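Colleague: Given next are the chains, with one letter for each unit.
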Amino acid sequence: MGIFDYFKSKSEANSASVAKERLQIIVAHERGRRKQPDYLPQMQREIIAVIRKYVHVDDNDVQIQLDNTDDCSVLELNVTLPEK
Amino acid sequence: MAKIIVVTSGKGGVGKTTSSAAIGTGLALKGHKTVIIDFDVGLRNLDLIMGCERRVVYDFVNVINKEATLSQTLIKDKRTKNLFILPASQTRDKDALTEEGVRSVLDELSKEFDYIVCDSPAGIERGAQMALYFADIAIVVTNPEVSSVRDSDRILGILQSKSRRAEQGDDPIEEHLLLTRYNPERVELGEMLSVSDVEEILAIPLLGVIPESEAVLKASNQGTPVILDVQSEAGMAYGDAVERLLGETLPLRFLDVQKKGFFKRLLGG
Chain P
1 MGIFDYFKSK SEANSASVAK ERLQIIVAHE RGRRKQPDYL PQMQREIIAV
51 IRKYVHVDDN DVQIQLDNTD DCSVLELNVT LPEK
Chain S
1 MAKIIVVTSG KGGVGKTTSS AAIGTGLALK GHKTVIIDFD VGLRNLDLIM
51 GCERRVVYDF VNVINKEATL SQTLIKDKRT KNLFILPASQ TRDKDALTEE
101 GVRSVLDELS KEFDYIVCDS PAGIERGAQM ALYFADIAIV VTNPEVSSVR
151 DSDRILGILQ SKSRRAEQGD DPIEEHLLLT RYNPERVELG EMLSVSDVEE
201 ILAIPLLGVI PESEAVLKAS NQGTPVILDV QSEAGMAYGD AVERLLGETL
251 PLRFLDVQKK GFFKRLLGG
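Protein sequence lines correspond, in order, to chains P and S. Just so we're aligned, residue 1 is where the first sequence starts under the UniProt record's numbering, counting upward by one. Just so we're aligned, residue 1 is where the second sequence starts under the UniProt record's numbering, counting upward by one.
In case anyone wonders, no lab produced these hints; they're calculated from the structure. Predicted model, so just to flag it, every value in this text is computed and none were measured. Where is the CB? At the ideal position from N, CA and C, for every residue including glycine. Please note that a few of the clues may not be correct.
[Said to hold, decoys possible] Partial list, derived from the structure: chain P residues whose beta carbon lies under 8 Å from chain S:
#1 Ala-16
#2 Leu-23
#3 Gln-24
#4 Ile-26
#5 Val-27
#6 His-29
#7 Glu-30
#8 Arg-34
#9 Gln-36
#10 Arg-45
#11 Ala-49
#12 Arg-52
[What the hints assert, rightly or not] Stretches of chain S that chain P covers, calculated by requiring three or more beta carbons in the stretch to come under 8 Å of a beta carbon on chain P:
#13 142–150
#14 154–168
#15 182–194
If we strip away everything but chain S, and leave its shape as in the complex, we get (with noise of 0.2 Å):
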């Protein structure tokens, strides 16, 4: 049975499918067998971010609707192996996504694979609720920024009332947060939300802090996921997140301003 993930947020923009492929890269990197899967229909994004985009060939929807097959439809990701990509559909019809045709899919994936990450839509229309229905566990993207916070809060309402656990009164779905582009300067000048302000606004366990950073941008540009760029400081905070994930207590890390000289602050660097 594959544990079932939903990255979900409700704002958009603050790195849902980012956050998707670098933690479903992360759990594969870890010998997981892992499936990402893009629930954004109508603007499929995973793919470019995992450098797929001219391998797809078939989708989500089409599995769906029958008109292919699982196997004909998941890309093998060509860096990591256990990794699978299943791309969302371009079609604009909203109701492509049953709960029927969601169900049967993610029980087909269940059999094969050890984890199912599903990369959320922003909002709370179809395709956002039908990504978190199923889920076992839930990483709530958030900015340290008020719409953002939130919106997350409106979400774990959502997952607390509309999941099929909360229907079903079955154990509420695991809940984590993930606070990403956090800037420890602006923290500190009092211009920014510190990880104990949201921590204490959304009351979840804290999986992992991304910082800000330049790495983001540029793993996206080349459509590889950031946490494989283990030089940078984004990538490594990713890789301390699955670990978390997974069960393993470790420190957090980049949080702290590095001290500048002073000449570069007499400048304003």
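For reference, chain P alone in the conformation it holds in the complex (with noise of 0.2 Å):
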């Protein structure tokens, strides 16, 4: 670092904690998905087209997440509807 270098940057975000910030973040979701039966995508394929049957919704539309803890598991199936 030179001389020069003291005037500029210091207003610059830390970069590598903005690394460790984005990294954490998207080994987590990683690592659920990677918990996650091998069946749930073509599960979510197949609810997406029977919800589609009846009312029209997009595939981000629809959020399919299989929670474990313990002693059960929770298949939690959110469905944004259209506006009318």
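Using the hints, put the two standalone chains together into the complex.
Modeller: Here it is in structure tokens:
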């Protein structure tokens, strides 16, 4: 770092901490998906197909999540229905 | 029975082959009979890093296909006692590495060697899967950089679900983090993830930190594993990592910024 560097970049965010934060989020997300059973994506597609018979929804409007706690698994289905 | 070590990372260019060559050589220097296998079929490079590229006659796929015996194929290292190299094939056939073939070669090597170091190719395709499938120990080579850390985590997931130990419900593969191309100056400036950042994200025990060093390129130029350059920080750091792999407890070295003089700082050295 030369003398001129002292005049700049003080206000810039510390990029390493940005990297760490982003990594923590994406890694946690991907680990969660890793634990999901293999059939989940296929089931998600089929559920969306069933819902589409009745209302028009986008792929992004349906969220499926499987949460495992000690003694039970919860399948959470979140559908955002279009506004009338 | 040999211990099977896979050197893996997911991402390319992080230092798997450099690390395989250094650690394999280090184990042999400690008196353990060691073979390093190049699993990168089609993109053979371990031979260059080890400086034995002109002595390759047969390769891993020839042995699997029974076109050559192991003793015809293994290259004995000229510098280090107890050390052998099994080069990869340059075939473009992706499916050349069969599970059955790899298993039988590893079984045969197991009878004679103490350590089998499997140098994995980048990616998560067949070559990488075969390199890690039979492992007892995994060394996950990671650079302090976002894509490398993410890919390492992905590889950890594969080690925990798609390896032989995982499939058979045996004790899990022993995982070790090897952080390479580490630059303490940039860490201090907040421009690079620190050792503790990467440890916290990947949550596996740290085997060593290899500082970014000119010695690594110099060693590969010459076809000498960098661990033999005992004057260099990288060479010494690999030496420490091998000792830790063998159960020693050693403090980390070369993580502090070497303070520059006032004038050098002023002029930006």
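Colleague: Against each hint, give a clear statement of whether it holds in the structure.
Modeller: Going through the hints against the structure:
1. Ala-16: holds, 5 Å
2. Leu-23: Holds: closest Cβ of chain S sits about 5 Å from Leu-23/P, inside 8 Å.
3. Gln-24: Hint holds; Gln-24/P Cβ to chain S Cβ min 6 Å, cut 8 Å.
4. Ile-26: Ile-26/P check passes; min Cβ-Cβ to chain S is 6 Å, inside 8 Å.
5. Val-27: Holds - the Cβ of Val-27/P comes within 8 Å of chain S, reaching about 5 Å at its closest.
6. His-29: With Cβ-Cβ at 11 Å, over 8 Å, it is violated.
7. Glu-30: This interface hint holds because 7 Å falls under the 8 Å limit.
8. Arg-34: holds, 5 Å
9. Gln-36: Violated. Min distance 12 Å.
10. Arg-45: Hint on Arg-45/P: violated, closest Cβ of chain S at ~23 Å, above 8 Å.
11. Ala-49: violated, 29 Å
12. Arg-52: violated, 32 Å
13. 142–150: Holds, because 4 residues of the segment 142–150 of chain S bring their Cβ atoms closer than 8 Å to Cβ atoms of chain P.
14. 154–168: With 3 residues close enough to chain P, the hint holds.
15. 182–194: With 7 residues in contact (Cβ-Cβ under 8 Å with chain P), the coverage given for the segment 182–194 of chain S holds.
Comparing the model with each numbered hint stated earlier shows that hints 6, 9, 10, 11, 12 do not hold.
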